[in-house]
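Engineer: Dock chains B and C against chain A, hints included.
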Amino acid sequence: MNIAIKPHEHEQHQLGFVRRYIFSTDHKVIGKQYMALSALMAIIGGFSAYIIRWQLAWPESSVPGWGPIGPDQYNAIVTMHGTVMVFFVAMPFLLGGFGNFLIPLMVGADDMAFPRLNAMSFWTQCVASLVLIASMFAPEGPAAAGWTAYVPLSDNPIYTGVYLGQDLWILASALEFASFLMGGVNFVTTALNLRASGMTLMRLPLFVWMEITAAVVFLLSVGPLIAAAIMLLLDRRLGTSFFRPDKGGDPLLWEHLFWFFGHPEVYVVALPGVGIMLEVMPVFARKPIFGYKMIVYSTIAAGLLSFIVWAHHMFVSGMDPRLATPFSITTIMISVPFAIIVFAMIATLWRSSIRFSAAMLFALGGLASFILGGVTGIFLGSQASDIYMHGTYFVVAHFHYTMFPVTFFGGFAGLYFWFPKMFGRAMNELWGKVHFWLSFLFFNGIFIPLFLVGIGGSPRRIYELSSYDMLKPLQPLHVIATVCALGLFAAQIPFIVNLFYSMVRGKVAEKNPWHANTLEWTLDSPLHHPNFPVPPRVYRDPYEYSVPNLSEDWLPQDQPPSLVEAATAAR
Amino acid sequence: MLSGWMPPNVSTFGGQIDSVVYLILYIVGFFFLLAEGLLIYFSISSRRRAPRQAHYNRGERPREAVWILVPALVVLGLDLGIDSAGHHAWELEKSIRPPSTIEIKVTAKQFNWEFTYAGPDGKLGTPDDVTVENDLHVPVGQVIRLSLNSEDVIHSMWVPNFRLKQDVVPGRAIPAWFEATKPGTYEIACSELCGFGHYSMRGSIIVQTADQHAKWMNDNVLHAANTSASAK
Amino acid sequence: MAAGAQSVSAIAETDHLREIPAGKMAVWIFLASEILVFGGLITGFVLYQFAHGGFAADAAHVKWRFGAFNTLVLVTSSMTMIMALASARADDRRRVRTYLFLTILLGCLFLGVKGFEYRGEFREGFYPSSGMFWSFYFGMTGLHAMHMMGGIVINLMLLIAATRNVSSEFLQRRIEYGGLYWHFVDVVWIFLFPLLYLT
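Protein chains in written order, with this note's numbering: chain A, 1 to 571; chain B, 1 to 232; chain C, 1 to 199.
One chain only, chain A, in its complex shape (with noise of 0.2 Å):
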């Protein structure tokens, strides 16, 4: 094959350190930045995490590394937790860091349609990463009215006693929104217009589905929150009273518009983490992906049905009762196209032939999790049962099992199946194992405690339980979350060795070594700039594995099918 070096390569040659590093509009390198900085966040995410739970388990005590706690910074350290996991790690994480990396290299193209934005959506999350950690800083703390910033709370300083802080965390928030709101344009145009030659959208990997899937959802649904954040700030800073029932606001307008978009958030994130897995999988399991276009179908009705079920969230709320049942049946509906793709992808393992990878591991792990996260969800979606459980800690471990399987399973289970691709090397996968099943455990271990806390009819957002006689035999169960929380953190030193150690001093990997069909492991690893040497030309989708009768049980999308007949014929 004859590889013309383009005129494109030699200018990368000549761009300085800064250009090719620091400001790159290589999706590749902003791939990585985007994953860097959601790591950076993550500590503090992490951090804060920790923090609670000590809390929670040993109230009497002062937090080790941190120090005693009080109700009021134990509200702001909450609020930081949810904002920072939902908009500074797993988003950047499963969006900006995989779907840059991946989506022009799976489409077949040589980098996203629009690389200089793509470089300022990353720096803009950047600018934003660091106003909230400025937040932190201000004189009165943080926000301090959870991650949902309900109003009066969040209007008025005086209910928190916050000012700057929250301001600040408006400030943040608008600014991941711009972020993402660049790269989500820069996503769906790449997906549709940049395909290379044979590429059908029927050909498009799951992955990048997924992506484009929660790239136009979340572009359709952060406008009203945009209004809402505006409104908010002008109330704090100009005296409006868009919110302020004294002057004849009205407090549910904002959980409105905030839950318009916060449903469709989490199929934000969760959709590129199933992605993920289903990319995973048919690799490991020598199998096709069981259902392609149902499951195509599936996440479409799942982005269109994410934008009519948000009150669900507000079911006493203090809305209308009438619109309970309606919100309930949507709500109910939106699992229907969700257990399809999950029977889907069990039928994936069905007589397939399985290498329990670490990658592999974590992608069942979060399948896995996300089952147990998601059949929960209908405690909540019914209307009658929410009254029970609306608010309490079965509202928090049902999230985090979903929310965290997609972004930390699935994020793995990308981390350890792509590295080879985004360093050249390979990951230890023994230690990657360890890894999985230290966190599998003491994940597990956190949160079905937390189930039954909230069965238990334990309040969210509480400093701690003593107040209540009721609540105080669930102590134990807080203590136990913790011990795994402890190890939970302790189980990620293989993995931060494993990751370091292997960059610089891995073995060197050839560039398909899972024998994966989809276009970037037709290349060298690392990766060029442009990617694709010769413009590729697609003949198939990406799961065709183990087809009768050829002499190798995977077949590349981009083998032509004269190569593929000789293959056979050799048979």
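There may be inaccurate statements among the hints.
Said to hold, decoys possible - Heads up, simulated PhoX-like pairs for lysine-lysine below, C-alpha to C-alpha not over 25 Å straight-line:
1. A/472 <-> B/182
2. B/109 <-> A/247
3. C/63 <-> A/247
4. B/215 <-> B/123
5. A/433 <-> A/511
6. A/507 <-> A/32
7. A/472 <-> A/32
8. B/182 <-> B/105
9. A/247 <-> B/105
10. B/105 <-> B/123
Stated by the list, open to error - On the chain C side, residues computed to face chain A include the following (Cβ under 10 Å):
11. 21
12. 27
13. 38
14. 130
Hints are computed from structural coordinates only; laboratory data are not their basis.
Here a beta-carbon is modelled for each residue, glycine too, at the ideal position from N, C-alpha and C.
Structural biologist: Just chains B and C, lined up with the frame of chain A:
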């Protein structure tokens, strides 16, 4: 199964809520065990054993797709059943507020609960109303109608023993009700983040026999012209 | 061909999606999310109107003549924007510059009138903190004005590009995209005007 964990229910509509919770538990429990069971079983039975190859199957033929679509339809059907049961239980607590002579105005504020009884004149909103802090005394076996108000931010009145939960929103008077079936003291928790004192915003509902309650009302609400009295 | 393997389709199938230029797609996607921002505000305003039985008393203080004049100004500016695009397509740089300049001028006129209105309202004692109607009035027109300023900046950049030696195709595309944004800002005003001035 859950009853060990949920506080005992002592309200008339609470049983219906519990029935829905249990219905959901059985249905999702079944699907949970089925899905996880298959996932584990297939993972183990399909572990790689050379030279056995995976079975090439794309799941796109109708007779294959039905294995996914039929269970999904079953899920849909069961879900709609859950919603129907849920609707009845929901209406009971939220839409149908039985008439009663006992009306209490509940005021939530940072960080406690106030309960206002109609005074001797029997009408709420008149100068002889009596307001008590934190403890609501009510008679057993009678419908108690509540009007929930907030002085400042959104709170939420959560009485686990009654399966009663209703957010309390400033600028609104939100109706609620309950009828307790057993005397006792039952805690109220605030279940919506309302500031630094959220965790300790505890109240209690003291359900008394008719006689006990009549005496309590006599001592605390009916005889004095005080507009506010602390509970004994 | 291997049994069960997918058949190969013909070389170079076309998806009609790929015929939309990337830039145009991007602008439409961006505008879609912007529509939802203003949509959120407008929906909130409409709902409050129902809840409060209208804002007639406060709304009476808004000067509908200025609003109507501004509407005319904006509609005219959309026309000049279209003319700029037509001139770009006809490769008449001079006319492109003229029409872009007029559009910018009309945009500035709009902002000037709006500023004058605000000053009058402040003089009469109406501020954003003066109640529900004024919260929405200042909030929505303020946000709209900021979008106008953005549009003016974009048009200035287009004007500068039109003085330079850029390709005709480049200029046409950019003016088309800038035009889409400008028309969007115009359409938002078409919604705001009756809501705020004519109720």
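Engineer: Under 10 Å is the threshold here; is the Cβ of residue 27 of chain C close enough to any Cβ of chain A for the hint to stand?
Structural biologist: holds, 9 Å
Engineer: Have a go at the residue 21 of chain C hint: is there a Cβ in chain A nearer than 10 Å to its own Cβ?
Structural biologist: holds, 8 Å
Engineer: With a cut-off of 25 Å on the C-alpha distance, tell me whether residue 215 of chain B and residue 123 of chain B pass.
Structural biologist: It holds: about 20 Å lies between the C-alpha atoms, which stays within 25 Å.
Engineer: So if I understand the rule, the pair passes when the alpha-carbon distance is 25 Å or less; does residue 472 of chain A with residue 32 of chain A pass?
Structural biologist: violated, 46 Å
Engineer: Can you confirm whether the C-alpha distance between residue 433 of chain A and residue 511 of chain A stays at or below 25 Å?
Structural biologist: holds, 22 Å
Engineer: Does the nearest C-beta of chain A fall within a distance shorter than 10 Å of the C-beta of residue 130 of chain C?
Structural biologist: holds, 8 Å
Engineer: Just to be careful, I want the Cα atoms of residue 472 of chain A and residue 182 of chain B compared with a cutoff of 25 Å; is the pair within it?
Structural biologist: holds, 22 Å
Engineer: Holds or violated: are the alpha carbons of residue 105 of chain B and residue 123 of chain B at most 25 Å from each other?
Structural biologist: Holds, at roughly 11 Å.
Engineer: Going straight from one Cα to the other, do residue 182 of chain B and residue 105 of chain B come out at no more than 25 Å?
Structural biologist: holds, 22 Å
Engineer: Taken at face value, is the distance from the CA of residue 247 of chain A to the CA of residue 63 of chain C at most 25 Å?
Structural biologist: This hinted pair holds, its Cα atoms lying about 24 Å apart.
Engineer: Closer than 10 Å between Cβ atoms is the bar; does residue 38 of chain C clear it against chain A? Give me holds or violated.
Structural biologist: For residue 38 of chain C, the interface hint holds, since the closest Cβ of chain A sits about 7 Å away, which is under 10 Å.
Engineer: Does residue 507 of chain A pair with residue 32 of chain A here, judged by a C-alpha cut-off of 25 Å?
Structural biologist: Holds, because 20 Å separates the two Cα atoms, which is no more than 25 Å.
The structure does not agree with numbered hint 7 stated previously, though it agrees with all others.
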